[in-house]
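**Q** Chains G and H, in that order, are what the protein sequence lines are.
Residue numbers for the first sequence, in the numbering used here: 1 to 408.
Residue numbers for the second sequence, in the numbering used here: 1 to 408.
Derived by calculation from the structure, the hints in this document are not laboratory data.
Some clues are possibly wrong.
Identical copies look the same in the list; a pair holds intra-copy or inter-copy alike.
Heads up, simulated EDC-like pairs for lysine to aspartate or glutamate below, C-alpha to C-alpha not over 20 Å straight-line [stated by the list, open to error]:
#	residue 1	residue 2
1	Lys180	Asp266
2	Lys60	Glu37
3	Lys235	Glu338
4	Lys331	Glu226
5	Lys406	Glu24
6	Lys335	Asp138
7	Lys12	Glu24
8	Lys183	Asp266
9	Lys62	Glu37
10	Lys53	Asp64
11	Lys124	Asp323
12	Lys243	Asp138
13	Lys62	Glu112
14	Lys18	Glu29
15	Lys335	Glu241
16	Lys62	Asp38
As the structure is a computational prediction, the values presented were derived from the model and not from experiment.
Protein chains: 2
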Amino acid sequence: MRDFLPEQMKKKQFIEDKIRRVFEKYGYEPLQSPVVEDFDLLAAKGSGGEAIKEEIYYFKDKGDRELGLRYDMTVPLARIVASNPSLPRPFKRYVIGQVYRYDRPQAKRYREFTQADWDIIGVKSVLADFEVIQVAIDLMRSLGFEFTVKVNNRIVLEELAIKMGVKEEQIKEAFKSIDKLDKISEKGVRDEFKSKGIDDSVLEQIFVNSFDEVKARIGETESLKELEQLLELAKDNDYNEVKFELSLARGLEYYTGVVFEISINDGPSVAGGGRYDKLIGLYGGQDSPAVGCSFGVDRLFDNLEKELVMGPNTDVFIIPMSDNAFSFSTKLSRKLRETGISVELDLMGRNVKKNFEYVNKKGISFVIVIGENEVKSERFKVKEMASGSEKEFQINDLSKILGFIKGQ
Amino acid sequence: MRDFLPEQMKKKQFIEDKIRRVFEKYGYEPLQSPVVEDFDLLAAKGSGGEAIKEEIYYFKDKGDRELGLRYDMTVPLARIVASNPSLPRPFKRYVIGQVYRYDRPQAKRYREFTQADWDIIGVKSVLADFEVIQVAIDLMRSLGFEFTVKVNNRIVLEELAIKMGVKEEQIKEAFKSIDKLDKISEKGVRDEFKSKGIDDSVLEQIFVNSFDEVKARIGETESLKELEQLLELAKDNDYNEVKFELSLARGLEYYTGVVFEISINDGPSVAGGGRYDKLIGLYGGQDSPAVGCSFGVDRLFDNLEKELVMGPNTDVFIIPMSDNAFSFSTKLSRKLRETGISVELDLMGRNVKKNFEYVNKKGISFVIVIGENEVKSERFKVKEMASGSEKEFQINDLSKILGFIKGQ
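So that you can see chain G by itself, here it is in the shape it has in the complex (with noise of 0.2 Å):
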């Protein structure tokens, strides 16, 4: 786990505010659920179970009660909307905040890491499909990355494994080796196959990875349509980061349709999602449809640190130089604050050189000096540091000094 210093936070910060804008400009609304779950919520995902255990941070209260940190976004999701069935449809909701996993330490993994994550629950439609990748392109867009989103549709893959000739009991374990397709590279799976003995025909095609031979061998099933669709509506707008690629199985069991992967150019996976129709069914609600996708927030961060540059929050600094002008001088931070700028005041009673070696450190733009003649004659100077030009003005001169300080 790890500390985000001012420095880093200010960045990260950045980050999840322009997720959330983007979130917002398409109707999302904000949950928040506690980091603490019930151990049998955190199981009952997938095919977690007990053997969860061992990757979550689990734990017992001194009630004895079997509790675990959240892994994921989409248990508390599910386990809302089961309980609150009066919740409207569609019910679009996104949630920026920490996970937990008890993975081995390794470099760039973290223990508490943030996720950002959307989903839409209550709707079968494509066009549901289509707006959570869109979301996730205009994400990846507003934080200036290029990046390609794979997408297909586990459905297919099991129609076009089957037609192949993999057995209905091998699919689990085919999916599994073709998963690893990045890792182990085409021989690797193919010698998974073997081992398994799975047929191996599908591989051809998805080496190849051309949705018309698929089309051409499992014909126009509903899921086909559906990802055809997709892919239709990502061409008539112009999304080109799009890409159908067959070898996209997702090991999460709970994937019931689409699914899709978003990774920086030349760099890490940074995101994933699909459709899980089935998951709010199994935390005891009625069966609903849902279609969401969920966003590493640390490896934008760890992407992005470098080439991010910050300014100041503080738009003007300014420098008592004796108790007698604390008076003034907190006086006149107050009203500049109530314009709406951002004011520090020099707190360390450091002289004038130290204060403006400090006011350049930070780039603050404006400095103010208070001394005794300014508290007398109620007058002070307003100094543009990087032209060194400077201005007189009173303290009830609020909307000058605004305009002197915005550059109006």
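Dock chain H against the given chain G, drawing on the hints supplied.
**A** Same frame as chain G, but now just chain H:
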């Protein structure tokens, strides 16, 4: 622990955004630390020690390391400052985040709650004490509260108590009783003093609560002068909410100077803080003067939830009448969002009547219906819900549409 559903979370976020804006107007910078801390660190502060296990979420990880969920934001701050000696001075940080206490559940007491903290590290001057209080005032005003800031100085109270016959070794117990004044009233405090064998003549002073009388008793001590200067700065700035309150001791022993507490008038206490010059040293750093304040965001939320009315995030709602309208509708929504407008698309395939019900319920101001004709002609009407007036546009009239929507 509780969930914040969207209607609530929008309000909580509104409050947090206001708070953050106030922090930034004073040049505070954000800091983020993990929710999980080493138990040793959590136990080090104040008189906590092992006993604190009962009040916090304590557990061991798989490596048998003793951990806990943070119960405040001061411990992580002290740890970070102690272990990062190169952080600039003054170090002014803010944080808005979750903390955890294992309280017995009660109405309006939560085991997970949000704190907004701001602290100044490295400054001994009363200017820092004043600024921390000033931020609290700004924050309460920005949220529209009527409130009181009670201010005292623990050293002044201690000096007075000693002067009035309380023995040095009784101070701790005396303060504990004084702190209960609100709960057990004057008589209760008197009874406790008697049963503890403490001279109770200091209580007269406390009930009289006159700064001048205290000054007459203990003289112009360093601490008294600080407190006087602070109260004068408040007066100079017309902060009529600030009141001297001699009975304010604030239990936590780590306070070493000014202490203060903010309450909503006729309502609960929502924040408190003070000076704690010894804490950083306790965490292995160089002793460093420090002053800070902590707001309970949940209490602010609970007090504002009913009055706050949040508008919709969405400006425009687009209704595609059929699958054939998907392509045009997604393009239009994309282009509108690129201008900065928030747009929702009907994902549910509802009929027009149902969609208008949804739009009215959400309070969305503008609607566009895309049917066969609109797709063919590439012209469509934007309807303003309040007035019922409509205006026709085509897809490239973006600035005109923006003008119509923003009322320019």
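**Q** Where does the structure disagree with the numbered hints, that is, which hint numbers, in rising order?
**A** When the structure is compared with the hints, none of them turns out to be violated.
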